[in-house]
Structure formats: C-alpha cells, structure tokens
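Here the structure of chain A is known, so what remains is to put chains B and C in place on it, guided by the hints.
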Amino acid sequence: MYREVITLDTKGEMDIVDITDEVEKVIERSGIKDGIAHIFCPGSTGAITTIEYEDGLLFDLPAALEKIAPRGAYYKHEERWHDGNGHSHVRASIIGCDITVPFENRRLMTGTWQQIVFIECDVRARKRRIIVSVLE
Amino acid sequence: MYREVITLDTKGEMDIVDITDEVEKVIERSGIKDGIAHIFCPGSTGAITTIEYEDGLLFDLPAALEKIAPRGAYYKHEERWHDGNGHSHVRASIIGCDITVPFENRRLMTGTWQQIVFIECDVRARKRRIIVSVLE
Amino acid sequence: MYREVITLDTKGEMDIVDITDEVEKVIERSGIKDGIAHIFCPGSTGAITTIEYEDGLLFDLPAALEKIAPRGAYYKHEERWHDGNGHSHVRASIIGCDITVPFENRRLMTGTWQQIVFIECDVRARKRRIIVSVLE
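Chains as they are written, first to last, in our numbering: chain A, 4 to 139; chain B, 4 to 139; chain C, 4 to 139.
The following block holds chain A by itself, in its conformation from the complex:
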C-alpha cells in the first residue's frame, strides 16, 4: 500500500474541487501500475463523490442539497455548537466521505466526463486534507 495526503484550500460553502489530477499524480508516484485508489476525507462536513465537472452541475448539485438539508431550517445541532452548520453535517453524511476508484496502467478508469470531487459542505473556507491510499 502507498499513501499520500492531498491538501486543499476551499473557498467556502459548496465549493466543489476537482481532485482527479491530484489523485492520478499520487498513483503515478506510488509506482503501482494496476489497482484501486481510495480517497477519504477526514472531517464530518466534507463529502467526496464524482460528477461531470462543469459550471451547470456545480450549481445544480448544491441546489439539490439545499432541498435535502436547507440552510435556514432548524437543526438541533445548533443548540450545542451555534456554528450554523447543522445542514453541512447532514449533507456530508448523506453523500459520504469516501470513494474508491480503479486504475489501469497508472490511469484512473473514470469516465471521460466524470471527475472525482471534494465538496466543502461547511459554511466557511477551510484547509482540508484528503487521504489517498493506493492498493494493488
């Protein structure tokens, strides 16, 4: 197994960052030719999934998340922390914090229009660490 940590500076709530190239670079440095790459976000307000990375969907996915867990709604989480991010936690738990992607000949086997993304669900810009584990 080979492992690296990618660091990101997100720009604020619903910043969606394409990390596909960074993951592929980790695979290249691993020296492993064929295997799987596991991508994990430590933290309970960050999510990882895949999406076609284009402006329209970067608007549409947050709009759907706003319906599932709206910003202005009541969250009991607020009674403890008062940090205004109850919806952030709910969104991240539903999407999930990890993904595994196969690679072949050091190339991710994702579709042409499919990128691996980190979604900042928290209400502010944050420094994030993404853990990439490469197995063969």
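The set of hints was computed from the structure by calculation and includes no laboratory data.
Please note: incorrect hints may appear among the correct ones.
If you anchor each label on the Cβ, the simulated ranges turn out as follows [what the hints assert, rightly or not]:
| id | chain 1 | residue 1 | chain 2 | residue 2 | range |
| --- | --- | --- | --- | --- | --- |
| 1 | A | 24 | C | 109 | 29 to 39 Å |
| 2 | B | 75 | A | 21 | 28 to 38 Å |
| 3 | C | 8 | B | 83 | 24 to 34 Å |
| 4 | C | 24 | A | 24 | 29 to 39 Å |
| 5 | C | 130 | B | 36 | 39 to 49 Å |
| 6 | B | 69 | A | 21 | 44 to 54 Å |
| 7 | A | 74 | B | 83 | 39 to 49 Å |
| 8 | C | 132 | B | 76 | 23 to 33 Å |
| 9 | C | 76 | B | 76 | 16 to 26 Å |
| 10 | C | 139 | A | 12 | 25 to 35 Å |
| 11 | B | 87 | C | 34 | 47 to 57 Å |
| 12 | A | 86 | B | 10 | 17 to 27 Å |
By construction, the Cβ of each residue, glycine as well, lies at the ideal position given by its N, Cα and C atoms.
Chains B and C alone, transformed into the frame defined by chain A:
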C-alpha cells in the same frame, strides 16, 4: 488483484439492474477465496448501491429520487448540453458510483434480501461497463 | 486480509450506533499497522456512514431522511410484504451500506469529530452483523 469488466445494456431511465450474480462469477473466476470485490461505474449518470430487488422497491427508489432531483425542474446543466439529463447527474452524484462488498469462500457476504444493483440515471437506454476489482 | 464480524443490538428505527471503537479494536487485533478498513452491513435496511456523534445530529439526520423517504407515504414495497418498512429500504439504498476508512499506526485516520456509524433504518430493533475487513 483480479479485474473484469461487466457489460450491460440498460433499458432506459431508472432501469435498475441486478448485477449480483455477475459479480459473484467474477469472484469465482478470480480464484481468490476470501477478500473484497470493488464495483465501479465509469460515467457520471450511473449509480451503484444495494437494494432488496423486488418490483415494489424498483418503483419506490426512483420515486424518492424524483423528489430529490425532479425531471421537470430547472437545471443549469441544460444550458450547456441541452440533453435533458441534469437530474440524472445530480441523482448519480448523491447515490454514488461505487461499492465494495466482502466475500468469503467465493460467496458475497451480502444479506439474503440484498442485491448489488446498477441504476441507469441517464434519460435513455445505454451500453454500460462496470469494473469489478477483486482483492485479497 | 483480516476479517471480523461485529454484532450489534439496535434499539429500533433510526438508532444510530457509533462503531468507531469496535472497528479500531478489529484493526488492533489484525496486527496490520497501516492500511484500510472496509465496513459493510449485510441487509438492505441498514446504512453505514460517518457523522459527528452528538445528540443534535442524531436528531437532524433522521429528520432529513424523513423528508427524503417519509414514514407515512405510499410505498409499493408494502403491497408485497406489508411490513411497513418501504421507507427503510429507500433510505438505506441512498446512504449506502459500506464505507472504507484508512488507518495509520493502528489508528483510524478519521477526523476528531467524525465517527463511523451504523444507522438502523428498519422499523424495529434488530440484531445486526457488521463485517470489517482489514487490508494492507
């Protein structure tokens, strides 16, 4: 690691295909007795999860997805491609495009009423490739 | 690969059980220092994700799931089984039944406020088996 690609011909939007047997056959051909099988869909309008594969739920899950990302709603994605599948992308990103399932003695350790499924979120019938990676 | 099965007695619908410590104990017993742990729920009405494990969110996440798949709504699944858990299946399929978490020096690399949880989506208390596979 052992890898095979399963090919599917889906019948159109919200076609949910049981791929459990196909995955188990890949495990058998791998020669690996105990391990994990990773199932991945390349493409940003296909989703993978598990469900009890019976007619009722094949109706109920799409009904829930229709609430999360309705077909008729506005999607900014349309402004770029005009292919009418903005909701398909959103649904696939929320459910996710991969799953990992443990197996023992060449048998998947899924529950009796739990099948691995591919969900066609796109608006038309498509040929799909599903990548199965077997690790021990 | 090392594998163990964790058993849980859930207390009923939307019981959310923190299984982080149990998973870490499995890692310790595996003797593997660095790797990934895969956690899987056999059964189609149980879900696995991560969350900040505090009372507020244990209320907020079920509230969001109630919007996605409400208890009182019509589910075609009921026509077959009449067991009142159509919404349970839908919720579990959307969240997902597995997660993979990296570990280093026998410690999970989760965030400080991020716990691995099993969510009982079924409508009654159940005995659950969670399969933990440890790979290096």
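Now for the hints, and whether the structure bears them out:
A C-beta distance of roughly 32 Å is found between residue 24 of chain A and residue 109 of chain C, which places it inside the suggested range of 29 to 39 Å. Checked against the hint of 28 to 38 Å, the C-beta distance between residue 75 of chain B and residue 21 of chain A comes to roughly 29 Å, which is consistent with it. Look at residue 8 of chain C against residue 83 of chain B: about 48 Å separates their beta carbons, and that is not inside 24 to 34 Å. For the pair residue 24 of chain C and residue 24 of chain A, the beta carbons lie near 36 Å from each other, so the given range of 29 to 39 Å is met.
Range check, residue 130 of chain C to residue 36 of chain B: about 27 Å between beta-carbon atoms, so the 39 to 49 Å window is missed. Range check, residue 69 of chain B to residue 21 of chain A: Cβ separation about 28 Å, and the 44 to 54 Å hint is violated. The given range of 39 to 49 Å is broken by residue 74 of chain A and residue 83 of chain B, whose C-beta atoms sit roughly 26 Å from each other. Between residue 132 of chain C and residue 76 of chain B the beta carbon distance is about 40 Å. The supplied range of 23 to 33 Å is therefore violated.
Under the hint 16 to 26 Å, the C-beta atoms of residue 76 of chain C and residue 76 of chain B, about 20 Å apart, fit the expected range. A hinted range of 25 to 35 Å for the beta carbons of residue 139 of chain C and residue 12 of chain A is consistent with their spacing of about 32 Å. Look at residue 87 of chain B against residue 34 of chain C: about 53 Å separates their beta carbons, and that is inside 47 to 57 Å. Between residue 86 of chain A and residue 10 of chain B the beta carbons are some 48 Å apart, a value that contradicts the proposed interval 17 to 27 Å.
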